[in-house]
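Participant: Turn these sequences into a full structure, and let the hints guide you.
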Amino acid sequence: MSISLEMLLLMLGCALVTWIPRVTPFILVRNLQLPDVVLRWLAYIPVCILSALVIESLYHAEGKFVTFDWLNLIAFIPTLIVAIWTKSLSKTVIVGVMTMAVLRFFL
Amino acid sequence: MSTHLNFNESTITDDSFAQGIKDCIPTLLGYISIGVAFGVIGITSNLSVLEIFLLSVLVYAGSAQFIFCGLYVAGAPFSVIIVTTFIVNLRHFLMSLTVAPHLTRYSSLRNIGFGTLLTDETFGVAVTKVMKDKQLGGNWMDGLNLTAYLAWIASCTIGGVVGKWLPNAEDWGLDFALLAMFSALLVLSLSSVGKSKLMHYLKLIALMAILLYVLLYFLPGHLAVLIATMIVATIGVATEK
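Protein chains in written order, with my numbering: chain P, 52 to 158; chain C, 98 to 338.
Simulated from the structure, these hints should not be mistaken for laboratory data.
Since the model is a prediction, treat every value here as computed from it, not as a measurement.
A couple of the hints might just be wrong.
As the list claims (entries may be wrong) - Derived DMTMM-like pairs (lysine to aspartate or glutamate); straight-line CA-CA distance at most 25 Å: (1) C/LYS231 with C/ASP112; (2) P/LYS138 with C/ASP272; (3) C/LYS292 with P/ASP87; (4) P/LYS142 with C/ASP120; (5) P/LYS142 with C/ASP111; (6) P/LYS142 with C/ASP272; (7) P/LYS138 with C/ASP112; (8) P/LYS142 with C/ASP230; (9) P/LYS142 with P/ASP120.
Facilitator: Put into structure tokens, the structure is as follows:
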């Protein structure tokens, strides 16, 4: 098992551009006090980014028109109900995966 | 919102490494299923097990690793692979910026450590913790981060090793684990915002759905997510009471 120097450099390049956005805020925030409005803005980021990630995967943007990804949308309904009902991460994931497995089996 | 930033270490409740590991466990099914799926796809993209291992150690980002395989197998120039990886992972900047103010009392070195191991999932677990407890502990973060990191590396590598014999992960619905996890984290975040703010947040989510729909006509998914998040958060601040 070996790896070419070229491949190693490519991976290091990808590692660097992934690392910089992750680490910069941690260094930045230590050295300056963020204004109140920025902190208020940041308080909205969790809900916004999580809902964006969820909603984006319910859309299907491959064709000429953006439509729903029906399979994901159907599996999303019981998943969301379990999430609201149990407030449990593991139960939600298990129900979600099982729903998708059943859907793929029959469709 | 900013008052909770001025606390000292003695007020931390349950900032233990062990609790961090424990709080990571519900996300492991997500890491393992996506990691194994990545290992399998890596093998079919002509990567060796060593390359799969190194990629998960060095890049440590699910979506970027999948895209890496896709571009690599398509013979894309290295510059394109690196620029795409950068754009796909740019959302981590926002995530780090959200988590970092809660950890400023720790040393620079430890902060670099927190940032290096930040992912979508650990971000989700950490912000849910912040919304519930109004604070974050460094030992707890390390427990969460290291568990997730090791689980990811192990799953990717195992996926690579068993690659050729594993039935397609998609058929088992495992690819849905990520979406299910984000849904649960979203519900958990919303359940701790309080009744008065909930309506405001639900309106913002409705707006998010419309905005994303429009943006997806001209932007790839990861960029649409990033831009829609920044726009909706700005509208959130502008319309709050």
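Participant: Hint by hint, where does the structure go against what was stated? Just the numbers, ascending.
Facilitator: Hints that this structure does not satisfy do not exist here, as all of them hold.
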